[in-house]
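Chemist: Protein sequences, first through last, are from chains A, B and C. FYI, the numbering used here numbers position 62 of the first sequence as 62, with every residue one higher than the one before it. If you want the numbering used here, it's the 1-based position in the second sequence plus 1000. If you want the numbering used here, it's the 1-based position in the third sequence plus 2000.
Honestly, the hints are just simulated from the structure, not real lab data. Be aware that one or more of the hints could be misleading.
Said to hold, decoys possible - In silico DSSO-like links for lysine-lysine, alpha-carbon gap of 27 Å or less:
| hint | chain 1 | residue 1 | chain 2 | residue 2 |
| --- | --- | --- | --- | --- |
| 1 | B | K1329 | A | K125 |
| 2 | B | K1361 | B | K1134 |
| 3 | A | K125 | C | K2045 |
| 4 | A | K54 | C | K2045 |
| 5 | A | K166 | B | K1246 |
Said to hold, decoys possible - The following residues of chain A were derived to be distant from chain B, with all beta-carbon distances above 10 Å:
| hint | residue |
| --- | --- |
| 6 | R48 |
| 7 | R61 |
| 8 | P64 |
| 9 | T68 |
| 10 | L109 |
| 11 | T190 |
| 12 | A214 |
| 13 | L219 |
| 14 | T253 |
Glycine included, C-beta positions come from ideal geometry on N, C-alpha and C.
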Amino acid sequence: MEHTDFFEIGGKRLTSRLFTGTGKYGSDSLISSVCESSGSQVITVALRRVDLDKSADNVMRHIPAHMTLLPNTSGARTAGEAVRIARLARAMGCGNWIKIEVISDNRYLLPDGYETVRATEILAKEGFVVLPYMNPDLYVARALADAGAAAIMPLGAPIGTNRGLKTEEMIRILIEEMDLPIIVDAGIGTPSQACQAMEMGAAACLVNTAIATASDPVLMGRAFGRAVAAGREAWLAGPGAVATLAQASSPLTGFLDDPGAAS
Amino acid sequence: MSFLPEALRLSRAPLNERFEAATEDEAKSVISRERIDEHGFAALLSPAASPHLEAMARRAHELTLRHFGRTISLFTPLYVSNHCANHCRYCGFAAPNAIPRTRLSLDEVRAEGQAIAATGLKHLLLLTGEAPHKAGVEYLESCVRVLRPLFPSISLEVFPMETKDYARLARAGVDGLTVFQETYDPDLYAKLHPAGPKRDYAFRLDTPQRGAEAGLRVVNIGALLGLTDWRREIYATGLHAAWLQKRYPGVDVAVSLPRMRPHAGAFQPECIVSDRELVQAMTALRIFLPRLSITISTREAPAFRDNILPLGVTRMSAGVSTAVGGHAKPGQAGQFEISDPRSVAEIEAMLQSHGYQPVFKDWEPIEGCA
Amino acid sequence: MHITVNGRALEIEPGRTLNDLIISMNLDPSVVVAELNHDIVPGEKFAATGLYAGDQLELLSFVGGG
């Protein structure tokens, strides 16, 4: 079947709406197989100081060439640090996408909305395709849109918890109110949860931990790819009618049939 | 930024085909959906949805209860001037009509206000024709200063103004604005408004957003039902309301459903909107925009107003006179015939007997913060 | 002479370029990004960038992350 539903973002035309990550794998050598099995076309990486003591395997070796790289600003505690990391990431020559992640609370790892808005504003002006990771708050989402974000990435649950769409109602509001694509990031633990997010109208899901820490990441990657595609199709198809409401004994529109009451 | 491009696009779009193409299954599935888009809205307005009006009514009732509870806000219009330079073909106050023209003195405005306030009403809708040299911004500002001590909330239904004028009136104590586009069809609009400042379709269309920009809290829009195909008009009204809600999330967007009746006057409505159709229009609007305020005026008859209470209504007028000075001195010619002559006390009793709380006041700006 | 690389003091011979240093550390210059005294040095300028006593150098690369 010819693919007709494209996700256009940052000048790219994606057929897969599953974004994956490269963190937490038992072995980075699994990454290329997961890219293949999941069908994902966007993958996140982080930027770190080189370890001067041991020459580590470079993660880039395992990322297939066709993948769009989405560097994150993990480690940034302020807007200034996020901007610095973003500029360094772009200097790597792998495109201009950036996932802004500003976290200064190491206990809950929740993103700082104010700093995220500030970083988004600066980086969008510098021509980055900015995808900010955020707590699903409508006011922050609007500020991010005004600041020039290309999409909004609300968390479903705190990073790495695999607890599912704990913020479902707030994400639903973002989907309803925002014109920008909503990409659910963080917290999705199972394919059914990713599917649910897509059925709600999310534009995409970013799943890292749940795939990387599965017993069989390649199989789990495929399951997520299919779940995201299924949820998307369900959204496009539109839900069917829920059981017709029972006819009450006194209908609300009965007066319309009563010639005495109608004019 | 303006709704104009969208309104022009709608006026050229083959909407009738879309309404005709909708199927009953489509309409049924839309009714139970948590959120619907403009295609779903079109399906609810389509002839195919008509057999499912009871299901629409139940859904509309459920959504209205969820967002507004069992409350109806009450207000009444106060006509302070009927001078008008416009030639609206359907209006009793149009310039060519040889009727006595008056503008109330501030003492008369106070007397009218006191007569209304004595009924217990706290929300007032101030009306004039469009004759800014006779009853302009300065006059309105004086009226508001006289009325503000009597009414915590004052809305305007006057003539389109610039943003700075709305801001000035907001400072004087105005917090709302009612402006009907009358028809969203620009060609018909031109025919119905052959002369006068109202000819400017685009300036009128942008009025609600100028009010919102000026800090008004409520904007009430509407199309005069009966001028042309009601489905197209309600569809455009709903999209206009959705556009305003999206851009001004802090503003209470309201829609009125003024329906013209066949009458003995010179202007006959092009099409008559039946009760059933009006109910379809209202319930479709409610399902499309659950947070929308919906205003039903005394153009509608008492029995019909009572019956549609649960179907989406959130505001009603009561104790109405559409004549200038009609509250202190009843018995003069009004802008249009009202069908529900009940007093405020009667409407209050009716609402209570239906299990609804009449709300007289739900707003009062704190001085200095308006 | 002394420079600081990723927060660590390092003794290097004068006259060496950034590219020389990266290769001497068994790193692939194509997967490294450098910030010299808080200014980003693009990869194509590694070979033309000399190092001087007191330089503060940051070398970074992509790693796994979500």
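Chemist: The structure should be examined with respect to each hint, and the outcome stated for every one.
Modeler: Results of checking the hints against the structure:
1. B:K1329 x A:K125: violated, 64 Å
2. B:K1361 x B:K1134: violated, 31 Å
3. A:K125 x C:K2045: holds, 25 Å
4. A:K54 x C:K2045: holds, 25 Å
5. A:K166 x B:K1246: Cα-Cα ~26 Å, so holds.
6. R48: holds, 41 Å
7. R61: holds, 45 Å
8. P64: About 37 Å separates P64 (chain A) from the closest Cβ of chain B, which puts it past 10 Å; holds.
9. T68: Non-interface label stands for T68 (chain A): nearest chain B Cβ at 29 Å, farther than 10 Å.
10. L109: holds, 30 Å
11. T190: Holds, since 23 Å exceeds 10 Å.
12. A214: Label holds. Min Cβ-Cβ 32 Å, cutoff 10 Å.
13. L219: holds, 34 Å
14. T253: violated, 5 Å
Against the hints set out earlier in the document, violations occur for numbers 1, 2, 14.
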